[in-house]
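Visitor: Residue numbers (this note's numbering), protein chains in the order written: chain A, 1 to 346; chain B, 1 to 346; chain C, 1 to 346; chain D, 1 to 346.
Hints listed in this document are in silico derivations from the structure and should not be mistaken for laboratory results. Treat each hint with caution, since some may be false.
No copy is singled out in the list; a pair is fine if it fits within one copy or between any two copies.
With a Cα cut of at most 20 angstroms, we get these calculated EDC-like pairs of lysine to aspartate or glutamate [said to hold, decoys possible]: (1) Lys12 to Asp179; (2) Lys148 to Asp80; (3) Lys145 to Glu8; (4) Lys23 to Asp179; (5) Lys118 to Glu156; (6) Lys199 to Asp325; (7) Lys12 to Asp304; (8) Lys148 to Asp176; (9) Lys155 to Glu107; (10) Lys145 to Glu339.
What follows is the residue order along each chain.
There are 4 protein chains.
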Amino acid sequence: MLILMSSEHTKKQLSDVLARIRKLRLKPHVIPGRQSVAIGITGNRGALDPHLFDVMPGVMEAVRVTRPYKLAGRDFKHGDTSFNVGPYRVGGPGLVVIAGPCAVESEEQLIRIARAVKKAGSHLLRGGAFKPRTSPYAFQGLGKKGLKLLAAARKETGMPIVTEVLDQRSLDAVADVADVLQVGARNMQNFALLKDLGKLRKPVMLKRGLSATLDEWLMSAEYLLSEGNAQLFLCERGIRAFSDHARNTLDLNVVPAVKELSHLPIFVDPSHATGVRSRVAPMARAAVAAGAHGLMIEVHDRPDQALCDGPQALSPEDFSSLMRDLSAIAGALGRGLAEPVFRGRG
Amino acid sequence: MLILMSSEHTKKQLSDVLARIRKLRLKPHVIPGRQSVAIGITGNRGALDPHLFDVMPGVMEAVRVTRPYKLAGRDFKHGDTSFNVGPYRVGGPGLVVIAGPCAVESEEQLIRIARAVKKAGSHLLRGGAFKPRTSPYAFQGLGKKGLKLLAAARKETGMPIVTEVLDQRSLDAVADVADVLQVGARNMQNFALLKDLGKLRKPVMLKRGLSATLDEWLMSAEYLLSEGNAQLFLCERGIRAFSDHARNTLDLNVVPAVKELSHLPIFVDPSHATGVRSRVAPMARAAVAAGAHGLMIEVHDRPDQALCDGPQALSPEDFSSLMRDLSAIAGALGRGLAEPVFRGRG
Amino acid sequence: MLILMSSEHTKKQLSDVLARIRKLRLKPHVIPGRQSVAIGITGNRGALDPHLFDVMPGVMEAVRVTRPYKLAGRDFKHGDTSFNVGPYRVGGPGLVVIAGPCAVESEEQLIRIARAVKKAGSHLLRGGAFKPRTSPYAFQGLGKKGLKLLAAARKETGMPIVTEVLDQRSLDAVADVADVLQVGARNMQNFALLKDLGKLRKPVMLKRGLSATLDEWLMSAEYLLSEGNAQLFLCERGIRAFSDHARNTLDLNVVPAVKELSHLPIFVDPSHATGVRSRVAPMARAAVAAGAHGLMIEVHDRPDQALCDGPQALSPEDFSSLMRDLSAIAGALGRGLAEPVFRGRG
Amino acid sequence: MLILMSSEHTKKQLSDVLARIRKLRLKPHVIPGRQSVAIGITGNRGALDPHLFDVMPGVMEAVRVTRPYKLAGRDFKHGDTSFNVGPYRVGGPGLVVIAGPCAVESEEQLIRIARAVKKAGSHLLRGGAFKPRTSPYAFQGLGKKGLKLLAAARKETGMPIVTEVLDQRSLDAVADVADVLQVGARNMQNFALLKDLGKLRKPVMLKRGLSATLDEWLMSAEYLLSEGNAQLFLCERGIRAFSDHARNTLDLNVVPAVKELSHLPIFVDPSHATGVRSRVAPMARAAVAAGAHGLMIEVHDRPDQALCDGPQALSPEDFSSLMRDLSAIAGALGRGLAEPVFRGRG
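The following block holds chain A by itself, in its conformation from the complex (with noise of 0.2 angstroms):
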């Protein structure tokens, strides 16, 4: 911590400080300046609050020099955090693609489309039963059948499922039948939940929020992480700025930034980024050139019909064009689709 008073501060106000500091049992550093003093705090474990100080009088600012999360961070753990999700092994070196329609619709509709992005290569599939709507008179999702149909998926292709938990009273029914949980945009900075997820024992996708700083969303993992799940990894969906030609601005330079700050690893999800199917192929090859850990891809065989977000959902043969694209993408960077580790489910 730093702090800078103000060029017009009394010799009152600045013994004040200091005494505030000691008192703290930390340690104060007088520097002297042409303007005015700052004083340097050393001896803290932990972050300190910089509105222990900016309140005082004299002092105009209070500057942070250590980042706000901890368990989150490359300093409290160096290596980076993996973890199996059925055969296959996430934030490892291969690419681990999720793919399936926006929302389960009926168990043909979802067996149909799991069986078509499983044959071009997904390792996991995704599928929504608890659906957030912007509209109350969107539809929802299936909720609880949704569920079911989505275990059922699973039994018939061998797939690991990742679903999105809305709340915490269909929490615990979510986590009997998820392989993975996920946390969307909108829930980014739902402690409530975030909370309850902490104490889960399973696997958990954070999304990052519309307008979430990188700060922001480590310290939305330190919530689970300070409550003892590790089993997590983050997601990269868009933030929202003054974009004319996209529904968000998907924000790759975010995948180095992670990769280089915190041991999570990261995907990328290019259909919600861009909201348009003929933009998602670009942006899921660029997260793969970008060094993602994975993507998470929607795809629907009659997007016409589809109940939700038709138009950013891919066709399996697109799709299936695709994976062959970011197989020779991430070939070209010495990667490669991640493989099974152990012989899964399927």
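Model the placement of chains B, C and D on the given structure of chain A, informed by the hints.
Guide: Just chains B, C and D now, with coordinates in the frame of chain A:
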């Protein structure tokens, strides 16, 4: 709904679109153009989903020509919504002020500040018992004990209580005590919570999300209205942009926009919008001049000891002086501070 | 300047940094910390470039602890800047209003509107002769003929003229006629133009760029001040965010921020900020309540025939009614509309 | 153009709108709706200005159903634009790389770096002689001396030169030396400069403004195209959002968007977009995977002594390694680095 065909559509694609429109028992109006063809649709009672059409081959775009919300809009209800909270009318001509500490810290702190803001002319008392915090290590509020202290402060001062509800689990406990339940910015699209609040018969204040458009905000209001809770008002608290001079960007222009498009009352929270004490009073004055129905302002008598957001809290003296300014500005525009509509509990 | 070494820096890297600081004849202050080391630098007269240090191996970050501008800041000049434009004092206690059409269209149009805004109490007359347009096919202004008409309008009404300078080529022609030269948002970082304007001895109004931070805006002001032109005022006109309810997002909170950090007068343009007639009056009222020194407002008596920005122009009647509101709000806050400081040309 | 009447329009207002449409010799198509009436307009050859109608009483909104640009769009020209710069084809299948220092600092520095980037496979040489700087106190470039050094470096290495033109005064001098004139982000809407560049017959690279929408960017391109200069390509360099992890937000999704809507080549500048050396390579790789026609990358062999933007410069070794990656990714997608289309000057 207006459908724009791409410049390269085929006759078959056009007739498929027309068939789908007629199948929905709606009426298509073909408008031939120089480059392409547009199709107007009439006969629908509510808003149509553009995705019904923009997924079809040959369609370039489906443009909604009406707003997505119904109950929250002026088309549904021409007159202004207003209702009583204790003895004060929210949404009426009188300016309603909510003031108090960010968080309930102790009985003494709360009663002391409650008396001070009441003396200065505040109508309602705010105070957080459950606090949403970016960091899991920050003070999370006193919880149920905080609710008890709020009830005690109401008994002592007669001021109705505004306090935040964070999640479904504590909803009943909060609803037992609060006169107004506050939904925070990070929960604006916590749809499960919104549905539960829609079933209550208590006033709710819905804060705008950090990156919520006006349409999205009104759609969240629609979740409550469609469940039957019409005692609802909105609160602008700053959006996220690229600012280097304030924590958030206060979007005061949304005040007249809400008043044009919706019948719901609109408040402004200059404390969270600015994050800095010295900007609270100018923005509070501006909000009244812009036509806000009310304000929510954080006040603390010992801000350097506050457990939460001390730097943005006004002292009771500054708050008192601000109330005189607000009364003068309201008076200059033919309004005034709210007066009790009946003899209240105090 | 504060330098933060990375947690893995070597002794050699630290001593290289210290050597560079001493080579610049500055004094390093080493602050040992738990994870790493920070170095405070003192002895510098102006702002140091962080890039002198953050490019060095082992350095995590170099943090500027003073503002990048000098002449535009309160540290350089404590008192407020004010100067006369015709008989009115810009930057003084009186509110100064600039009004007129977006573009000069014809002699009749300009004189007619000039008389109307003067009658309503406007101090200065605005009107664009050279217009910056997003489209090359849109009306680009009458150019030099427009300047002649502005001179005629001044002669007729006695109102000083505010008009935009678009480029270096037409600078002399504009400077011959204008009492205040306006730099538009899109030219805020046209540094070549700013340098030329710095050499003039005429008042300049510098609008904020659509995505300019406050620091960047004040640095553009610094270009003029450092060339010797101190008759300068700023104008907020809305920034670009994600709004769905207005053309731009008016950042009124920048008004108190400018007043804290700089001595330069700050105006607000609610017409461009909102883009819609019905929002101009509420935002003009709010700007005065927020403490702006003045306003710039577009007025047109036949907005449906305006060649430019008709939808945001107030009618003379609405403008007249707004002026009464502005006078009342200013009065409620102990200010008033500007009065002539001497007998002007009119 | 589609006109939406407000739900409270009068018969007179509707007939006034119809009359205006017919007066423009266009054809109105009235579409009666449940709440109101819409009017489709046909018969126009170019884009209509919505303001012709949305200022009329009773009109709620006038929606443009075609794009505002003409010459920059795919409707005007279906095939891709491509042209030679020296021996390389910009806009063809081969990836074109521009590399070199941010600023020309000295003959030795420039020649040394030019040789290094040429050896690593770069096609064109960049280097700023005139530098746009936020601060008037920062290094402003060597000016005309810098241009001479660029000419010398071309003679020495045979590499065509890309350099920025800052203003109209130095345009001729820059055009004498440059093979490609670069328009920087801050000048994207310097319309006077754009018109002058439109009259040149030399290639121009137009960078995207920090807060420019795609429509605005293409409209700036339209300024050049409408003046007759068709040797034009675009360059994405990051937009301004709320990021805490990078200087700008690289909007890679604009690459496929440009390719869909326009025939102009699209480059990416990962150096300015990220501002940090460690992110340049990941974003360069991603840009190629997203389909960019080329890249512009800053390289410096002594970044800690660079007079400008040292922290984002790659070393020649890192650049060389990156070129191998880019070639591999391009190869994986059926492309490759550009080859000379004829024997060049080198």
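Visitor: Is the C-alpha distance from Lys12 to Asp179 at most 20 angstroms within one copy, between copies, in both cases, or in neither?
Guide: neither (60 angstroms within a copy, 44 angstroms between copies)
Visitor: Is it within a copy, between copies, both, or neither that the alpha carbon of Lys148 lies no farther than 20 angstroms from that of Asp176?
Guide: Intra 10 angstroms, inter 37 angstroms, cutoff 20 angstroms: intra-copy only.
Visitor: For the identical chains here, do Lys145 and Glu339 meet the 20 angstroms Cα criterion within one copy, between copies, both, or neither?
Guide: This pair counts as neither: shortest intra-copy Cα distance 31 angstroms, inter-copy 53 angstroms.
Visitor: How would you label the pair Lys148, Asp80 (within, between, both, or neither) given a Cα cut-off of 20 angstroms?
Guide: Classified as neither; 34 angstroms inside a copy, 46 angstroms across copies.
Visitor: If the cutoff is 20 angstroms on CA atoms, where do Lys199 and Asp325 land: within, between, both or neither? Let me know, please.
Guide: Answer is neither; intra-copy 39 angstroms and inter-copy 42 angstroms both fail.
Visitor: Should Lys23 paired with Asp179 be assigned to within, between, both, or neither, using CA atoms and 20 angstroms as the limit?
Guide: Close neither inside one copy (49 angstroms) nor across copies (40 angstroms); limit 20 angstroms.
Visitor: Indicate which option fits the pair Lys12, Asp304 if close means a Cα-Cα distance not exceeding 20 angstroms: within, between, both or neither.
Guide: Cα proximity of Lys12 and Asp304: across copies only (16 angstroms, versus 71 angstroms in one copy).
Visitor: At most 20 angstroms between CA atoms: does that hold for Lys118 and Glu156 within a copy, between copies, both, or neither?
Guide: Cα proximity of Lys118 and Glu156: one copy only (11 angstroms, versus 56 angstroms across).
Visitor: Is the C-alpha distance from Lys145 to Glu8 at most 20 angstroms within one copy, between copies, in both cases, or in neither?
Guide: Cα proximity of Lys145 and Glu8: none, with 67 angstroms in one copy and 42 angstroms across.
Visitor: When Cα atoms must be at most 20 angstroms apart, do Lys155 and Glu107 count as within-copy, between-copy, both, or neither?
Guide: within (12 angstroms within a copy, 57 angstroms between copies)
Hint check: violations occur at hints 1, 2, 3, 4, 6 and 10; the rest are consistent with the structure.
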